[in-house]
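Since the structure of chain A is provided, determine the placement of chains B, C, D, E and F on it from the hints.
Protein chains in written order, with our numbering: chain A, 171 to 300; chain B, 171 to 300; chain C, 171 to 300; chain D, 171 to 300; chain E, 171 to 300; chain F, 171 to 300.
Think of the hints as simulated: they come from the structure by calculation, not from any bench. It should be emphasised that the depicted structure is a prediction, and the values quoted were computed from it without experimental measurement. Since no wrong hints were added, every one of them can be taken at face value.
When chains are identical, the list treats them as one kind, so a pair holds in a single copy or across two.
Only pairs whose alpha carbons sit at most 25 Å apart, straight line, appear in this in silico PhoX-like list of lysine-lysine:
(1) K194 with K224
(2) K175 with K187
(3) K297 with K262
(4) K264 with K228
(5) K264 with K175
(6) K175 with K262
(7) K263 with K229
(8) K175 with K300
(9) K224 with K297
(10) K224 with K263
(11) K229 with K264
(12) K297 with K263
(13) K200 with K300
(14) K188 with K224
(15) K297 with K187
(16) K228 with K194
Number of protein chains: 6
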Amino acid sequence: MSIFKPINQKQAKGKVKKIFDDIKSSRNIKRIPNFWRSLAHNPEALERTWNNLKQIMKKGALDPVTKELIYVAVSITNSCEYCIRSHTLAAKKKGATDQMIKEMIDVVGIANQNNKFVEGYQVEVDKNLK
Amino acid sequence: MSIFKPINQKQAKGKVKKIFDDIKSSRNIKRIPNFWRSLAHNPEALERTWNNLKQIMKKGALDPVTKELIYVAVSITNSCEYCIRSHTLAAKKKGATDQMIKEMIDVVGIANQNNKFVEGYQVEVDKNLK
Amino acid sequence: MSIFKPINQKQAKGKVKKIFDDIKSSRNIKRIPNFWRSLAHNPEALERTWNNLKQIMKKGALDPVTKELIYVAVSITNSCEYCIRSHTLAAKKKGATDQMIKEMIDVVGIANQNNKFVEGYQVEVDKNLK
Amino acid sequence: MSIFKPINQKQAKGKVKKIFDDIKSSRNIKRIPNFWRSLAHNPEALERTWNNLKQIMKKGALDPVTKELIYVAVSITNSCEYCIRSHTLAAKKKGATDQMIKEMIDVVGIANQNNKFVEGYQVEVDKNLK
Amino acid sequence: MSIFKPINQKQAKGKVKKIFDDIKSSRNIKRIPNFWRSLAHNPEALERTWNNLKQIMKKGALDPVTKELIYVAVSITNSCEYCIRSHTLAAKKKGATDQMIKEMIDVVGIANQNNKFVEGYQVEVDKNLK
Amino acid sequence: MSIFKPINQKQAKGKVKKIFDDIKSSRNIKRIPNFWRSLAHNPEALERTWNNLKQIMKKGALDPVTKELIYVAVSITNSCEYCIRSHTLAAKKKGATDQMIKEMIDVVGIANQNNKFVEGYQVEVDKNLK
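Just chain A, with the same shape it has in the complex (with noise of 0.2 Å):
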């Protein structure tokens, strides 16, 4: 159980409200998710979160495929079971293939490995690289 129950849409009200309906027109879909749902207890958390989200994940000099495939990478190495199903599949949606998520999954599970081996060995940064 979520530590507050999520908010009904049927019952959202004002400022709530308003992101909800927007929500579910920038989707398409007809259920808010779970997530906005419990962040709704805080309204002005709801916003402000809802809003940089759109400016954040949307088309830029990085197409919207590879923004939600980054946001995966980030999520499984936070281990946050939520995030990365949700944005896995926000992923396909917008285009991303299987072989693209395995390929992803790939890159978090080697770029781990190689960071744990900078700190086991305490690599010096190149000179270079300063």
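Showing chains B, C, D, E and F alone in chain A's frame:
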């Protein structure tokens, strides 16, 4: 200082020399970075890691720039300075622009934040995600 | 299932029974939580951990509610569900309001984000901070 | 060296100058810290992060000192030196005493330890916590 | 549910079948664990990971039990339930006693605590350690 | 610079002096490391941590070298430079060879990689492991 003094590339022999030569020709560099010179204390680990990295980071369904950006995103999440610096440089060499790097950092930031919102609220996985 | 089946509190003896009795009277509870029943497989660790926790979490320059909120903030950052749930409850029992918990989660979120911005940009420590 | 050389505050223009001015007046400081000068390479991120931080860290159900201590606790858990140093200083400026900081560190220590005991024993969540 | 449904071992072919057969004979088991059945979606990653693991975990200067305990210690620190459970079992099969496992968990606990004391106090590396 | 200037061991009094003397005689050293000199700002924490460490790291079912290697493995996973350096040295003093340290680092590397493969694929715990 490293835990084990990096191997001087002029003194490399056998398996280590072979891998060092491959690193130099594959990357078109003359100086072996400290990471590989440290790993060279364990020739099996050097060979395995170099071969794995070449296999994983090569062009596939994801292009090499995207793979480097994912590598950096993991390294930021793990706070590995050497890894952040060396793979940010690698990403640039392979064609990443400053704007791409800044957008990647933005995604890493909000992913880390939202990962913790999920934990803080103990958000349950939506049925359609299971 | 736990790695070691939690010790049944009716079968506790010696040092374990003594600590279990102290937990029950200090916390005014009848059922020993699974955390302590698991640790009881290692009576020295049980005694040490309970005594340390009592010493650390008692009122000092920081009040017990603040200490519990800090404990939860760490547990969120580490993704420890048991710890988040048990210490969120402890915080509430000691007087934390829902609003306090939501504000704590907000701080945890932005701290995690900004920690990664610092890593991503490799921000140097300002001179006045050294 | 930072990945992107911190923006010189005298050369700030437009949105960046506006935020820099707000930082200086809100904090009553003359020199913009390296964190904001680095983020200024991404004006949208600078504006978003500064506005979010002001909203989150202001007095609410939790006082600003408690919020700063929670921020530092997260930064310790994430091993972010810059963040530990800058927000420990912020906590002190807002009224935190040395004793409060030491007690916060103590809580961070035992929380990190107990988080791992929970993982090591794979302690199941007690029924009353679900 | 896994992101990719684990490969049915009866339907394994080619490289995957070869690795599955090696896992079964090396470990003297009949059922391939879900970890390998999931990785099998990426035959190169399956082959690489299995060969690396065999090379790394075999008896060397450290005996296999010690290696498994180190593996579990890392997995506890990373909060990876699957990894904790599977390698605790592997450690036991190779001869680890319950007492050894409990002592390992104790070391993991205090190391995690002291790691954070070092960060909280920003302890400088002693000259003789550099 | 540390957050709190390390206590000069010549000025230690009372509980702090007692612990400092015990550290010097137990370890057969003349200079108290910065870790203990920093913790001395909190005499209760100093006493508790030193006594816990002595109890945990002493010979038991696991020998002291194995315990130090586990301690270092955790510290590598947490990226704690001070802890890696001081406990690698401690491991060597107690008899760890360079080869043992290199094998430990190898295990840490693959464990970190495989922990993330488990997360990336969201591998379900096998029935026999529950």
